Amino acid sequence: MNIVQLFRAAALALLAVSAVAHGQAPAAYPNQPIHLLVPFSAGGGQDIFVRQLLPRLQERLGQPVVVENRPGASGNIAAEAVARAVPDGYTLLLGTAATHGMNQALQPVLPFDAQKSFEPVAHIADVPLVLVVHPSVPASNVDELVSWLKADPGRATYGSSGTGAPLHLAGELFKRVAGVEALHVPYKGSAPAIVDLIAGRIHFMFDTFAATNPHVRSGALRRIGVAAPRRARGDPDLPTLGEQGYAVDAYSWSAVFAPAGTPPAVVARLADAFAVAANDPALGPKLGEIGFEPVSGSGPDELRAFVASELKKWADVVRAADIKRE
Amino acid sequence: MELLEHLQVGFASALTWSNVLYCFAGVTLGTLVGVLPGIGPVATIAMLLPITYGLPPTAALIMLAGIYYGAQYGGSTAAILVNLPGESSSLVTCIDGHAMAKNGRAGAALGIAAIGSFFAGTVATLVIAAAAAPLAELALKFGPAEYFSLMVLGLIAAVVLAQGDILKAVAMTLLGLLLGLVGIDVNSGEERFTFGMPQLADGISFVVISMGIFGLGEIIYNLERERQKSREVAIRGVGRVLPTREDYARSWKPVLRGTTLGTVLGVLPGGGAMLGSFTSYMVEKRLARDRSRFGKGAIEGVAGPESANNAGAQTSFIPLLVMGLPSNAVMALMIGAMMIHGIVPGPQVMGERPELFWGLIASMWIGNALLLLLNLPLIGVWVRLLAVPYRMLYPAILLLCCIGVFSVNNSLFDVLLMVGFGFLGYLFIRLRCEPAPLLLGFVLGPMMEENLRRAMLLSRGDATVFFTRPLSLTLLLMALALVLVMVLPSIRATREVAFQD
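Chains as they are written, first to last, in the UniProt record's numbering: chain A, 1 to 326; chain B, 1 to 501.
Hint data in this document are derived by calculation from the structure and do not stem from the laboratory. Keep in mind the model is a prediction, meaning the values are calculated, not measured. Certain hints may be false.
[What the hints assert, rightly or not] Below, computed lysine to any residue pairings styled on SDA-like, alpha-carbon distance capped at 25 Å:
id, chain 1, residue 1, chain 2, residue 2
1, A, 188, B, 179
2, A, 175, B, 55
3, A, 188, B, 130
4, B, 102, B, 224
5, A, 188, B, 192
6, B, 141, A, 135
7, B, 141, A, 136
8, A, 175, B, 458
9, A, 188, B, 194
10, A, 188, B, 55
11, A, 286, B, 55
12, B, 253, B, 135
13, A, 175, B, 470
14, A, 188, B, 198
15, A, 188, B, 465
16, A, 175, B, 459
17, A, 188, B, 203
18, A, 188, B, 224
19, A, 150, B, 459
[As the list claims (entries may be wrong)] Short derived list, chain B residues pointing at chain A, Cβ under 10 Å:
id, residue
20, 46
21, 287
22, 288
23, 340
Yeah, the Cβ is synthetic: ideal placement off N, Cα and C, and Gly gets one too.
Build the full structure now, drawing on both the sequences and the hints.
This is how it looks when you write it as structure tokens:
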């Protein structure tokens, strides 16, 4: 038996028991398990993050939330499935900067519309990206990196987890803001790119705290800035790129979306539960370790505005860097 | 002796009752998911990750590691008994392992696989304890140019795997290369051969192809023979369960060679365990006095690769433990598990948490011993499974294949795709085309392309990098030598034929 199914069966059994015990009225939302589609394989950063929230969500909603991993096509497969789901609040999407920002800018045709196909529920966490360099690069801050890059525009290369991936667009955004040249070298995921960065075959890259922490601590890499509007809990001493004079806000994020047409009362109920779960102080240190910064006070309206600004930001970057993905 | 001290710390930590128990739970679960086709260690570890939050970190890591190398043992069982390679590393085991099962020697195949794996696991554990740091340096020396040259060597070797016609083997390898191209190209970000289907954007999964071509294809073929009343699938008498003295005599050298190859290649990030197993197969086939036995149930073709893939599974922990670098998806999950427990993977773990570092290493040996104890008695059970009438066995295999494929991405599309590959697999059997080179081309081709283009990007278009870097040059020369070895006898043979005329 598949373990997902085992979990689901166990969840259903629990549900049956609790329904009998409490004699719940069937009309009240939620009265059955809620499916949260995660557009990544089990065990990825977003997956680990959201699984930490499950017990708190169940406490708050009185129903289990079941994670369903639907990876593929930069998150588009999961997003399309939720966009087409019945808008009853039982199928939700864990959206990211990719599904609700970058993909729209990169692909001319998408099977969903990041704004029209969804009801925004809650923006629950940010995943800041940090700028890391190989120790041989003579730069301990962004200014020094920029002047090193400008001294010989043809020498530097930077890695990413793939063309059009957040790490790539962060690099392009940096190049545009700082007015520097560097050759983009794409990898299949961030781990092999980090290997080449440690070996000194590439010079710098943007990646998460989680991916860079071990190597920064061992001295294999140097971290020179965080590409977020605020300093991160992961390393409060690390200045943002903005503080250093380069306004590069390149971070991924986690937000919950429901299919368009989901009743406002249901959306409000979910927004409350997810906000409370993500901001549980007991989770703080764990989330910091995996590079997630909980976001509070960003409900449906704030998220709607945020998605609009993200779509615009990444569309500009993609246009300026002339990146295409068919 | 520093090594002895370290191992002492490790065994003191790993030999507590609870840790042995978690180790046992891990390897048992690993064996189970390994036997079930398609359901791999990645999915299992990912699902179990939340459960390990409450455990002490050492116990959690011991259990998760146990699932991983336990699955290598289980994977060979499925490959031998029902010709289903659930993972690329058990691919070559199918060739001679399943042939042995058809000859009624499933027990011997399973036995030598378990014993070879245990030996390899023991050696690899010692290697990790003694030489992890220098081996990790080797992994860092492997850049795109070196990987490209290694893949060239691998693809040329893929042709050696084929039993019959070299032309057919080359054609199958090329078909595999083409199938591997499906999906988003890493370098340009363009989609290739996806026909606008988002389900194909990330390429075709290995599990889909191998279950389809190996599993379903063979089922269709067997059922057809059943109707012709001439079927004799696996049961020519269950036969002796354990390997014979002659089996051991044939196997001990392949086990030693497989262990060495697997230990070294396992350290390389990306496909290390698989490269080890099939390099070992290739070496055994080359060295054998009677090559015609290969493909028909040569025990060397099981002993070598099985030792290699288990050794590789162990040493693939080296980059993780020494540098915090994941060499495959399972290792990436292990990093996640460590971080959840507040341990930052990397070189400092050895100094800061010796009980965890050496405990995990010592547990690998304990786990291997437990696997041997678990698997040897199980062989009798597995072999009896083959006596189940085929009309009852094949629906079960079909069902497991479907569940396994579905579980990878929760995608129905993948299941349908597997059915398509099933018919293709049947066609290949009828046309007498070996599927193994196709799968190797499928796995190695995209890696070769990716690294070729990356190496060229990094060198700014200078193709000489492949010859100026010593490691890369060595690998290319080995590939050239292999081509010569393959081609020369046939040239000589043609000439002899010509002279006879």
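field: Hint numbers not upheld by this structure, sorted from lowest to highest
entry: Violated: hints 2, 3, 10, 13, 18, 21 and 22.
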